[in-house]
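Quick note on this note's numbering: the sequence shown kicks off at 38 and runs consecutively.
Read the hints as simulated data drawn from the structure, not as lab findings. Check the hints yourself; a few may be wrong.
Result set (DMTMM-like, lysine to aspartate or glutamate): computed pairs, CA atoms no more than 20 Å apart in a straight line [stated by the list, open to error]:
(1) LYS100 / ASP386
(2) LYS173 / ASP185
(3) LYS214 / ASP185
(4) LYS304 / ASP327
(5) LYS213 / GLU195
(6) LYS287 / GLU194
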Amino acid sequence: MSLLKRLNILENNNYIPIIGNGIKTNTIAKNADAGWPLGIDQLSNSNLIIADYTFNLIWEINKSGKLNVIAGTGMQGYSGDNELAINAELNGPHDLVVDDNDNIYFSDLGNQVYRMIDYKTKIITTIAGNGMLGRKGDGELAINAEMDCYCGIAISEEGDIYISSEWSNNIRKIDKKSGVISLFAGYLSKHNSTNLNQYKPIVAEKLSLGGYSGDGGPKEIAAFNHPEHLAFDSNQDLYICDNSNDRIRKIDMKTGIVSTIFGNGDKASNGDGGLAVNASTLMPDALCIDDKDNIYVGEKYGFRIRKIDSETGIVSTVAGNGNPGYGDENVLATETECNSIEVGLHIRDNNILYSDCSGRVRQIDSKGYVSTIFGGTSIHDKEDSLNAFLASPFGISISNNGDIYIADTWNQRIRKINSSDNTIETIAGTGARAYGGDGGLATNAHLGNPYGVSVNSKNEVYISDTRHSHIRKIDLNGIIHNVAGSAFSWDKGDGGPSISSNIVHSRSIIHDSNDNIYFGDSGIGKIRKIDFKTGIINTYAGIGISGYSGDNKLAVNCKLVSPVDLAFDNLGNLYFADEGAHVIRKIDNKTGIITTVAGNGDKGFSKDGTKAIDSYLDSPSGIDVSENGTIYFSDTNNKLIRKINEEGKIESIFGINTRKSKFEDHYDTNQYNKMILPRNLKFYNKNILLVSDHFNHQILAISIK
């Protein structure tokens, strides 16, 4: 069926999904889509428990391979304590662990808390963190403490909980009996590096620096650098992924002495067949220990799983050939490709389970062969677009012939939907979250969470390669090139060639009628322009300081926060959604003057009929302008698609929000407010608006009448 035939169904319907399979539950896990599975553990009955960072869910997979949700609605948020976990909102669940009573503990990373699910009652509670980002609270109840990107978790035999902070570079302990939190290892402040043999670090108050020191000395004055994940061995000694030090370290729980057991600090992944302490490991980011005390380490940038033999101390590779990619099924694990191994690593019945950035959980059997147990063996390219697996799609663009291009952000790909037969294909990205491939086929290149995509009049495709701070281009031969950005994230290069410039965090990109490129840099609060003919880059809006100011003045002198979607009207005026400032703004094509057209700058909710410039919006992140000049935008966290009508008032055209005031948080989910989080918008034609439904992992088509 062609895309136009499918869209004709909209004559009798308000909307239809046109791309993406969406989240499926009560199905076989091997065939179901997953977002980004991270932490893995198991219950006493061997059922697997998996944290899904992107889908904001905690999954359970039983012995038969059947998949169900045990926590989370899929909506990003923080709610539901002391109620059924399945009705709670989560925000980036990360690492997890199951205790002897089958209680599930996990890092709710985006909320800066740790939470627990009582498996018997299915009730969820917060056990640590008050939701505030910070470092205070030691010596007090854990639920009143601040958290500073705490992600790792492990539980001792006594039931005490240990957590690790990537930013504070320390380990904290929550006492089982009292619930009091205390500093266990490292300093609350961060450290400068000192020599390996000088175990006392230099303390640098309020500096955001990690360090490597302390081996041979007490844990209280050791320096770590992004310690992310933890595990206990059978002797109850604690092991730490000292991520940015490229080492695994150990704390002897009887003496408190710190030592390095794997990694020599080199930025490499080698040394197999020798002692682990002399080998190198490249950003260890996952850790588990089997019942024989063999240690397994997943490498973020080594793209491998390594094993340290408990008896000999010899290190070997058990999975990954060192190349990032979407590995094949039923091949030897040592010969397959792995994406970054982050968090998810577990041993069950002598099988190694791991998750990587391909959005799957995979299993290595006793013979060393790898297979997928969750997340599908395919993303369903070359099939009908409704069968496709998407992972938090964001940007949308339409070519002159009606093909649809989407930034499939967490699948690390750019996908294309052919208008002739509605099939989907990947045109850039291997699924590996890495950087590489310039000068070669785009389908062999690596991307890093691409948020934006735009097709120019010549059918060249431009990409906001967000994580890597680049703008990249796919030419008509399918070759990918870097257009803007270099190895370092920075605001630099105006007045010179874009290829020599630096950018920070581009999440939006668009072309004007002359194929000039505009992109929003959310990292510095700017919109920048690349002249198509000369390749020269300049700032179009924003001074590079985050804020909301400058209306009725030149746009280059204003402050922006986070421009995440851009659109032109027929007169060449540029509109953009500033997600962080909660406004929609316009830059006049002739004068360069900026004005606000919707939103008062404060986060909240306003009813339909409110004057647009007086309204409260909540993180708008999508915008487009119809042929007649009507502005449509996604009021993202209010879960609405809205427009500014002829009277200058806001009017909802899709979605259901039953908030009565800017302060109330209640949503009606009975209808298709399964539109969990509307992001970018793009008109397909004058009557059909496409919406990226970021957390339902679909693209919707909405009839505009």
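Check whether the Cα positions of LYS173 and ASP185 lie no farther apart than 20 Å. holds, 9 Å
Is LYS304 close enough to ASP327, meaning Cα to Cα at most 20 Å? With a Cα-Cα distance of about 27 Å, the restraint between LYS304 and ASP327 is violated, given a limit of 20 Å.
Against the 20 Å threshold, does the CA-CA distance of LYS100 and ASP386 hold or violate the hint? Holds - the C-alpha atoms of ASP386 and LYS100 are around 12 Å apart, at most 20 Å.
Given the hinted pair LYS213 and GLU195, is their Cα-Cα distance within 20 Å? holds, 8 Å
So if I understand the rule, the pair passes when the alpha-carbon distance is 20 Å or less; does LYS287 with GLU194 pass? holds, 17 Å
Within a Cα-Cα threshold of 20 Å, do LYS214 and ASP185 meet the stated pairing? Given pair LYS214, ASP185 is violated - Cα atoms ~24 Å apart, limit 20 Å.
Going down the numbered hints, you'll see the structure goes against 3 and 4, while the others check out.
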